[in-house]
Amino acid sequence: MNFEDIVKTLKAEFGETVKEAAPGTVVADPGEIEKIALFCRDNPLLDFKALIALSGVDHPGRIEIVLHLASYGKKHFLVIKTALDRNKPEISTLENVWKTANWHERECAELLGVLFKGHSDPRKLLLPDDWLGYPLRKDYVPPTEYHGISHSRHNPVEKKRGAPPS
Amino acid sequence: MIKQELKNIDELRILREPVEGEMLVNMGPQHPSTHGVLNFLLVTDGEVMHRAVPHIGYLHRGIEKLAEQTEYAGFMPFTDRIDYLAAMAANQAYAMAVEKLAGYVVPERAEFLRVIACELNRIASHLVATGSMAMDIGAVTPFIHWIREREYINEITEELCGSRLTYNYCRIGGVSHDLPATLAGKILLWLDHFEPIIDEFDRLITHNEIFVHRLADVCAISAQNATGYGLVGPNLRASGVDWDLRRDKPYSVYDRFDFNIVLGKGFRGAVGDSYDRFVVRVLEMRESCKILRQALVALPAGEIRSKVPRVIKPPVGETYAAVEAPRGELGYYVVSDGVSSKPYRVKIRTGSFTAMSIIESLSKGVMIADLVAIIGSLDVVAPEVDR
Amino acid sequence: MQYFTNIKRSMMSVLEGMAVTFSWLFRRPYTVQWPDKIPEPLEKTLPATYRGLLEVDTRICTACLACEKACPIEVIAIEVDRNSETKERHIVRFDVDAAKCMYCGLCVEQCPTDAIHHTTLFAATTPDIGDLVLTFIKPGERALPFKPKDAPPAAIERGAITQALLDSRRGVE
Amino acid sequence: MWKLTQEFIHKFIPAFEHAWLAYIAGALVAALALLAFASLFAGLASYVERRIAGRIMSRVGPNRVGPQGLFQFVADGLKLVMKEDLVPAGADPILFRIAPYFVFAGMFGTFVVLPFGAHLVAADLDVGIFYLMAITSFVVLGIMLGGWSSNSKWSLFGGLRSAAQIISYEIPAGIALLSVAIFAGTLSTQGIINAQGGLPWDWFAFHSPFSLVAFVIYFIAALAEGNRTPFDLPEAESELVAGYCTEYSGFRFVVFFFAEWANLWIMSAISVLCFLGGWKIPFVNAPEAYSGWLWILLGFVIFSVKTLALVTVVMQLRWTLPRFRLDQMMNLCWKYLIPGAFAALLGTMTVMALFSWDSPAGIAIRFCTFLVGALVVLYYIWRIVANYRADSANYKKLTGQSMWYPPWRLP
Chain A
67 MNFEDIVKTL KAEFGETVKE AAPGTVVADP GEIEKIALFC RDNPLLDFKA LIALSGVDHP
127 GRIEIVLHLA SYGKKHFLVI KTALDRNKPE ISTLENVWKT ANWHERECAE LLGVLFKGHS
187 DPRKLLLPDD WLGYPLRKDY VPPTEYHGIS HSRHNPVEKK RGAPPS
Chain B
96 MIKQELKNID ELRILREPVE GEMLVNMGPQ HPSTHGVLNF LLVTDGEVMH RAVPHIGYLH
156 RGIEKLAEQT EYAGFMPFTD RIDYLAAMAA NQAYAMAVEK LAGYVVPERA EFLRVIACEL
216 NRIASHLVAT GSMAMDIGAV TPFIHWIRER EYINEITEEL CGSRLTYNYC RIGGVSHDLP
276 ATLAGKILLW LDHFEPIIDE FDRLITHNEI FVHRLADVCA ISAQNATGYG LVGPNLRASG
336 VDWDLRRDKP YSVYDRFDFN IVLGKGFRGA VGDSYDRFVV RVLEMRESCK ILRQALVALP
396 AGEIRSKVPR VIKPPVGETY AAVEAPRGEL GYYVVSDGVS SKPYRVKIRT GSFTAMSIIE
456 SLSKGVMIAD LVAIIGSLDV VAPEVDR
Chain C
484 MQYFTNIKRS MMSVLEGMAV TFSWLFRRPY TVQWPDKIPE PLEKTLPATY RGLLEVDTRI
544 CTACLACEKA CPIEVIAIEV DRNSETKERH IVRFDVDAAK CMYCGLCVEQ CPTDAIHHTT
604 LFAATTPDIG DLVLTFIKPG ERALPFKPKD APPAAIERGA ITQALLDSRR GVE
Chain D
207 MWKLTQEFIH KFIPAFEHAW LAYIAGALVA ALALLAFASL FAGLASYVER RIAGRIMSRV
267 GPNRVGPQGL FQFVADGLKL VMKEDLVPAG ADPILFRIAP YFVFAGMFGT FVVLPFGAHL
327 VAADLDVGIF YLMAITSFVV LGIMLGGWSS NSKWSLFGGL RSAAQIISYE IPAGIALLSV
387 AIFAGTLSTQ GIINAQGGLP WDWFAFHSPF SLVAFVIYFI AALAEGNRTP FDLPEAESEL
447 VAGYCTEYSG FRFVVFFFAE WANLWIMSAI SVLCFLGGWK IPFVNAPEAY SGWLWILLGF
507 VIFSVKTLAL VTVVMQLRWT LPRFRLDQMM NLCWKYLIPG AFAALLGTMT VMALFSWDSP
567 AGIAIRFCTF LVGALVVLYY IWRIVANYRA DSANYKKLTG QSMWYPPWRL P
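Quick note, the sequences are listed as chains A, B, C and D, same order.
For reference, each letter of the first sequence is one residue, going 67 to 232 in the numbering used here.
For reference, each letter of the second sequence is one residue, going 96 to 482 in the numbering used here.
For reference, each letter of the third sequence is one residue, going 484 to 656 in the numbering used here.
For reference, each letter of the fourth sequence is one residue, going 207 to 617 in the numbering used here.
If you are wondering where the hints come from, they were derived from the structure by calculation, not from laboratory data.
Computed Cβ-Cβ distance ranges for the label pairs, DEER-style:
no., chain 1, residue 1, chain 2, residue 2, range
1, B, 394, D, 616, 37 to 47 Å
2, B, 160, C, 527, 37 to 47 Å
3, B, 124, D, 552, 48 to 58 Å
4, A, 190, D, 285, 36 to 46 Å
5, D, 556, B, 337, 55 to 65 Å
6, C, 489, D, 548, 14 to 24 Å
7, C, 523, D, 582, 39 to 49 Å
8, D, 290, B, 435, 50 to 60 Å
9, B, 140, D, 562, 51 to 61 Å
10, D, 301, C, 527, 56 to 66 Å
11, A, 80, B, 337, 22 to 32 Å
12, D, 565, C, 489, 31 to 41 Å
Ideal Cβ placement from N, Cα and C applies to all residues, glycine included.
Next comes chain A alone, as it looks inside the complex:
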C-alpha cells in the first residue's frame, strides 16, 4: 500500500490536522498524536503494529518528535513528525499504543528535556539520576567534572593554537 493511499486514509479520518511533508513523511499536530497513533495501529488497512524508532531533534525554534512506523504484515512504512515549542516541549505519551515507546520516551525525555504526559515510569534511563541539563540540546554546555571526576584529559599532542578539549 503506497504512501498516497496511507495519506488519503489518514486525511479521511483526521482532515487537515495531518499534512503531507516530504515523500513518506506526514506532519501532525501534537494534540492529535495519540489518536493518530491508535488509528495507525488498529486500522486493518494501515496495520502499523511496530514503532521502529521515536527520535527527538532539537531545531532552533522547535523540538521535533519523529516517529518511524513499520507494518510487518503489509510491509510498508510511515514517518510521522510533530513539532513542539522549544521552551516547554510537552506531548502525551504513546506508551499504551506501542509498549516500546516507554523506553524511547524515557531516553528522549532525559536527553532533550521533552515532558511526556502520563508516562508510567519517568525515571532517567541512561544518565545518572542527578545529571543536570539535557545533553542533546544544541545550547548544552558539557560540565568539566562530575562528582570530582574531571572529564577532560590533557591532550599530549597539543597544537600551539589552543588545543580543543578532547
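Assemble the complex: chain A is given as a structure, and chains B, C and D must be docked to it using the hints.
Same frame as chain A, now just chains B, C and D:
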C-alpha cells in the same frame, strides 16, 4: 535496612514497599552473566523473582552527541563502537544513510564486498551469541570452540580490511580495501570446514536434553508482544513474525541472493521461547554461509569507491537507513542542515535497546537461573543498549 | 510413556555429547603460545593490510596536513614553520599519539605519498603512557617537505622506524 | 595399614607392652599416609582435569610450571596459602572459620573405609557403607555454614542450593548401596569386594539388568553429592559467581578446593568397590592368594586403573553437559532416581531369589547384562571415531596439518 540501601534513588516510589520475606538482590554491574555492564535489581523471594528492575547507562558514551561534532566521513570509526560484535552492519547502515542523503552511487563490486563482510560479521556475532548463551547455561566447551571458529573469521577480516573487530571497512560511496586474490579461496575453504562443525555443535549442545529442558518454554514471547515491545531480528523471527529487512526492505544487492528466512516454529516447546531464539540463530548461521557462497561466486569486477569529495556537505534533508544487523534492525536517522560538514542530528536505533526493555515484563515469577538464560537468549549487548 | 522417552532421549544425548567431546581429545590444540613458543615472530605472520601502529617516513612527507585534517580525534599534530627570507617550509614537529589513536586508517587513505602508513606492530607496551606519543621528528631537527618530482629515497622495511622509536622509549638498545 | 602397623610394632619391639600407644601410632601412620595420598591425588587431579579440559576445548592447558606444567597444583597451593584469607565484614567470625574444616572432615573421613588393596585398608569396619553415608552429611553442614556465614546474598543462595541437593541425593545413593549390601550380605567394604569375582561379568554391576540401573543411579547421585557438573548449582559460575565459596580466599579456599578434588577419588572409588569388583584380579579367585605382596600390589593397580577410568569420565562430564536448574534437579531426583533405585532394589532381590550365583541361568543373565554394557561402550567408541573422521579431512585442507594429536603427546 532495605530502605537505607536505596536512599538517594527514588526507587521505592516505583517498587512497592518490599513485603516481608522478599529480598532485594543486586545482580550488579560486575555480574558474570550480564553481557557487558548491566545491573538488575532483583526483588526475589528465595530463587523465584517477583521483579527484575534493569538499570542501564553504564556504557553511555553519548555517541549521538559525538556525531554532531565530527565530520560525516570522520564518524565512520565511531559506528564500529556502537556494537563491536556487528561493526560491519553499523558501518554499512551509516554509509547507506549518508549516501542516500548526499545522492552518491555505490559501485557494484563495493556492494558485493559489503555483503560479504556483513555476512561474515553476522556469523561471527551469532557465534558469540550462541556460545555465550551455552556458557551461561553451564556448558563451557561450545563457547571455546565457537571462539576458535571466530578466530578464523577474524583472520579473514584482518586480511580484508585490516582490523579484527572494529572493521571501519565502509567509506561513504564504497569500501576501503579490495578483496585480495587469495582471500576468496580462503573463505570458501573455511566455509567447507565450518558447516560440519555446526552439525557437531548441534550434536553437542542443541539436541542435549538438559540444555533443551533449561530453555524450552522459558519466557515464551508471543508475536504480538514481540512487535509491541519493538523486538527485531532473530528475537522477532523466533516469535514467528516473518520480518527480515534483507528481503522485506531490500537494500544493497541482497535481492540477488536466494536464502530463506528462519522462523521460530516452537522446536521443543512454545513458539518464541528461549530455545527457539537459540535455534533460530544457529540456523541463520547456515543461511549466511549460503549467501556467502553465492556472493563470492557472483562478485563482479570494477572499482570499489565512487568519486566523493574529501569534505562531504550533503543538502538539507533527513534520511532513515536501516540494515538487518545480527541483533536486528540497526537504523540511522540522519538530519543535515545543508550548511556545515557535520551532521545536524544522528539518531541510532539498535536491536538490543528494545530487547532489553522487554526483560522487565518477562521477569514475573521466573527463577534467577532463567533470568540468566533470557539475557543470553535475547543476545543483549551493553554498548548497543546505552550507545 | 513420556517418562521413558525422557530417560531414553537424555541418555542418548548425554552419550552423543560425550562422544563429541572425547573425539576432541585427539585433535590438534589451536593455541598460539605467544610470545615465546612460536616459530617466527607474530608481526611477520600478520597480513600486509593489518592496521597496527602508525609509522611516518618523514623523508617522503610533503607536509600537506591531509592526515591531520582527516583524523576525527586529532591524534596527529604537525607543525610547519616558514623561514621568512628563504620562503622555505620546514616540518618542525610530527607527533602521533599512539595511545589515543583508534587505528581506523582514515589518515593513511588521505596521504598522497603513503608517508604515513600502518605497520604490523601491535605490542606497544611502554612504562608510561606519555611514551606512546611517537615523535617522528627529533626536537630541534627540521625536515624538508618532499617534492613529488624529487627522486623517492630508498624504501625502508615497514615497522623499522616505529620499532626503533619504541625500543628507545623502553631503554632497549 | 592400621593392623599392619600394630603387628609391625609388636614384632620388632616385643617388650613393648603399652598396647594403646601402638594403637595410636598405627592410627597416626594410617592418617598421615592417607593424607599424603589424598592431597597428592587432589593436586594431580586438578592438573590432569585442566589438561583434559584444555584439550577438549582445543587449547593446551597449563604447561609452564615445571616439566609440562606438572607442578601447577603446587604453584596454585602456594599462591593460595600465601594469599591473605580475609573474613568479610559482617560475617559470622566463628562459623566462617569453622565451615571449611567441616567440609574437610566430612570428605577425609570417608578415606578410613576405602580399600586400596587386599589388606590395604585403614580400618575394615563392618559397618563400612553405612559409615560412608553418615560421614558425607558432614559436607552439607560445612557448605551451608560457609554459605550462611559469609554474609553475602549470593553465597546464601549457593549454600541453600547445595544443602537441598546433597540431602535429597543421598536417598537414591543410599538405596543403590542397599542393593549392593543385600547382594554381598555384609556392609564392610572388603566383604563386598570378596563377594564379587574378578572377571567383568562377575562384578555386581552386571549381576542383573537391575544392578546395572542401580550402578548408573549411584553414579549420578554421587555426581550430585560432589557438586560435579550437571549438578554444580552451588558454585554456578554464571549465576552465583562462586556460590558458597565466593568470600573465601587464602588457605580456607585451599581446604574447599581440596575437598572438591579429593571427592573425585572417593566418588569413583566407592562406585568401583561396590559395583566394579574392587581390587579383584580377573582369574585369581582363591582368598589365600591375596596374601603375597605382589598380588596385593597388582590388586591395588587394578583398583586404581578402574577408579582413574571413572575419574576421567567424571572430568569429561564436566566439560560436556550444561547445568540443571534448581527445580529440574529436584524433579530428577524425586521423580526419576528414587523410583528407579527402588525398582533396582526389588529387581536385584528377585533375581537373587530366583537364580543363585553359580546356577547356569544366573551366569547367563550376568553374561548378557555384561554384553549390554559392552555394546553401549562399543557404540560410544564408534561415535567418537565417526565424530573425529567427520572433521579431519576438512581440517587437513584448511591448515595443511593432520589433525591427529594424541592427548599424551604434550606440546
